[in-house]
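*Asks:* Chain by chain, the residues run as shown.
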Amino acid sequence: MRGPGRALPLLGLILLWEVLARATAQSFVIAAPTAIAAHLATHAELLLRALGTTAWNAAQGYLWGNLAGIALALAAVSAPRAERILSILALFVFCLPLVATGPVLRVLSGPGNAPQVALAALAVYYTTFLPVLVGLRAAPQSWFELVRSHGRGPLAALWLVRLPAALPYLAAGLQIAVPAAFLGAMVGEFTGAERGLGMLTLRALRGLDLPATWAIAVIAALVSGLAFHLAGRLARWLDPAPPALLPAAPAGARPLRLAGPLADTVLALAAGGLLWAGLMELFALPDFFAKRPGDVWAFLVTDAQAGAHRARLAAALGQTLAMAGPGYLAGLALGAGLAAGLTLRPGLAGLAMPLAVALRAVPIIATAPVLIWALGRGAAGTVTVVAVMIFFPTLVACLSGIARTPRAVLDLFDSHAAPGLQRLLWAQLPAILPAFFAAARMAVPAAILAVTTAEWLATGRGIGALMAVSAATSDYAMLWSATAATGLAALAAHGAVAWAERAVLSRHAAEQVAR
Amino acid sequence: MPLFSPMRPDRRRLLQGGLALAGASLAGTTAARAATPARLQLSWLHSVQFGGSYLALDRGYWSGEGLDVSLLPGGPNAPVEPPVVAGTALAGISAADYTAAAVNQGAPFRIIGVAMQKNPFAIASLPGNPVRSPADLAGKKLGMALANMPVLEALLTVNGITTADVEVVPTQYDAAPLLQGQVDCLLCWATDLPVAMEVQGVECVTMLLADFGYSVHSQTYIATEESLATRRSELVALMRGEIRGWEDYRADPAAAAALTLRMFPDAGLDPQVQALQAERQVPLMFSELTEAEGFGWFTEETVAANVETLALLGKPVDPGLWDRSILEEARG
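In order, the protein sequence lines correspond to chains A and B. Using our numbering, the first residue of the first sequence is number 47, and each one after it goes up by one. Using our numbering, the first residue of the second sequence is number 23, and each one after it goes up by one.
Read the hints as simulated data drawn from the structure, not as lab findings. Hints may be right or wrong, so weigh each one.
Covered by chain B, per the in silico footprint, the following chain A stretches (three or more residues, Cβ under 8 Å) [claimed, not checked]:
id, stretch
1, 69 to 80
2, 84 to 96
3, 270 to 278
Heads up, incomplete: computed chain A residues facing chain B, CB under 7 Å, no partners named [claimed, not checked]:
id, residue
4, V145
5, F236
6, T237
7, G238
8, G253
9, L254
10, F335
11, P339
Pair ranges (Cβ atoms, derived) [as the list claims (entries may be wrong)]:
id, chain 1, residue 1, chain 2, residue 2, range
12, B, P341, A, G324, 36 to 42 Å
13, A, T70, B, E189, 51 to 57 Å
14, B, D233, A, A368, 55 to 61 Å
15, A, G324, B, P338, 32 to 38 Å
16, B, S92, A, L213, 23 to 29 Å
17, B, P338, A, A549, 53 to 59 Å
The structure displayed is predicted, hence computed values, not measured ones. Beta carbons are placed, not taken as given, at the ideal position from N, Cα and C, and that holds for glycine.
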């Protein structure tokens, strides 16, 4: 925000935007900055009230979601045997699609804000859980030995070693959670809300009110950007400097085994099924729309039509995965690449980060029409939607990873006056790896959610379309079957990432490999 | 708290207490009036689409019946059927095709009143490339929400056109793809997207599906069989209020639009859109039949026409799905 050097490009950008909007006015895609400003001015009170509602719901969801993420990570690191099971359960819950959870949340809570808060919390707990889990382990083995040598137990190790180590990772999680919570609260309003920015977005889209749609998007982006900035200050306060030491590998790292993970996965699936059935029974949800695991089993296995049901589901899942895969890889590459680029050219951060936050905070129903208009309804549009959804958490996680490069290593490179690229390749890239893999894990469910949204809105194929049609025709058995299949697909992808992670980290960051 | 509910009240209260503890504010749990509380689940966001209900609320037609009605807005992820099945809503605003699908999936519903005698689904197109009859659809690109696929299939079947002749483009429920030239026409309600386009200064052609053999009651009132047995007087009171509210609406749609704007200042409603929509839905809701028998009425003939169309939609239903006893009591 200093001097004309920063203001001029911004002015140019706004001018370009205005010209582009006016040139394409007949297409009803882009609202001109002047039209957006006029809408903001004439609807200021309405928008402020809506912002107040949505922001308050988002803030509550942010608090509960982050607390849940931290608690889960603490539980996982305190009971390493249960870690994989907890991770899988956390993944399943994160994969639940709004079309299935929306009606359940609304019926449970009645009118009011509970579903909005719940969805904001659900949108953030997982992206906090993963980095905090990484952080709780990001301490040198020698420190744990030091604690042990003083005759202190695991609780002391948690308090003295793990928690301080986790703070910077928590900071990254808290930053990633900001736009996600805002988006979660907006999307939560799709379950039948009286007021809020998400509800106004629906109204504006249907009413062909372009300035309104864009004004809401601008507000969502600005508020998320501001909160992101504040979370960033908190991050720097929690983590003023890179660590002094390189975490050393423990002696005799355990070889990769398959039996442990398999047994854990089976246990997690059983626990997930019990939890699913148990919660629905506890709240006595009618099985017309709250299908239990047994209903899904019957629908897919024992029903007379089970074969046809499986075929429909498998075809849709295949279409979805074919789009999610490339989008996932593109998003990860974009996020990591941008992180590397910003490390080499820190000056670009001022331009890139606001855009990145904005893309993440605006609901996809508002951005999708623009993307589809620009890229079409084919693979390019879908892959782009997926990449847009996952590159942001990857970027933030990688940037925080780069900040974790041990000082001793950086000093070594500095003392040799090594150029930035060498520094990046040999010092910072290895330091990035744990954070990158945490991002790759959290991107798995995000990619699936993004691709199903694009399918629902643009391509009409895959699981997203199947879920939309199932919900509209009260075919809740198919809806919950699709939900379960999506969760299992995410688990498989997650397993593949975890396998790659162990293979790489056992060499580069052995402290991360759970023992 | 209703005496009957498939979801046990103690559990729900436990949960709501938990959610309240979790910092969520919950409306509707503090009301402690003498009137019986009843919730009506609407099928979409608040707008003049439900103007008659707002008039009933505003003019005290329900409180006069001893009923304290709250109107719950819907949304894209707020289907009407689950809260009605769960008993959290006494009744819901559905449509015969949605209800038929739910009944085929085991939901114990009855249709107890019909607000839209003529189905509001329409094909909207631009005057330069108009669709005025189903035959015009051949070779056209049609933008529609995927969930409405059965609607299109039924229209084409009734009119002897094969599905392959129409290229379906899945779109968000939004008029922009038509104006951008991505599609030649849209499947939408005559009372929403065409109204939005007109207010934005875009002239368009609308072809009402109901004029080409698509007979599906819309904005229908649904309740469960158990509510019909155990909460009968509440349902009668609910429908009495609805009838009076909608008769008032008919007399003065502009007043309904004005009331909607006043009641929902946070809904972001456009006065022009509401006024035009209020007018546009009058001919869909009121007919010679309602003129003779009153708002919401249906007959064996109109039900038979619905059963026929629903069979084409792949949703076979029994005429017994429609239950006129509540309307008869309300009228009596």
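*Asks:* Does each hint fit the structure? Answer for all of them.
*Replies:* Structure-based check of all given hints:
1. 69 to 80: Since 4 is at least three, the answer is holds.
2. 84 to 96: Per the Cβ count (4), the hint holds.
3. 270 to 278: It is violated, with 0 qualifying residues against the three required.
4. V145: holds, 6 Å
5. F236: For F236 of chain A, the interface hint holds, since the closest Cβ of chain B sits about 4 Å away, which is under 7 Å.
6. T237: holds, 5 Å
7. G238: Since the shortest Cβ distance to chain B is 3 Å, the answer is holds.
8. G253: This interface hint holds because 5 Å falls under the 7 Å limit.
9. L254: The hint holds - L254 of chain A has a Cβ within 7 Å of chain B, the shortest such distance being about 5 Å.
10. F335: holds, 4 Å
11. P339: violated, 18 Å
12. B:P341 <-> A:G324: 36 to 42 Å: holds, 41 Å
13. A:T70 <-> B:E189: 51 to 57 Å: Since T70 of chain A and E189 of chain B have Cβ atoms about 24 Å apart, the given range 51 to 57 Å is violated.
14. B:D233 <-> A:A368: 55 to 61 Å: violated, 42 Å
15. A:G324 <-> B:P338: 32 to 38 Å: With a Cβ separation near 36 Å, G324 of chain A and P338 of chain B satisfy 32 to 38 Å, so the hint holds.
16. B:S92 <-> A:L213: 23 to 29 Å: violated, 46 Å
17. B:P338 <-> A:A549: 53 to 59 Å: Distance hint for P338 of chain B, A549 of chain A holds at roughly 56 Å.
In this structure, the hints that do not hold are numbers 3, 11, 13, 14 and 16, in rising order.
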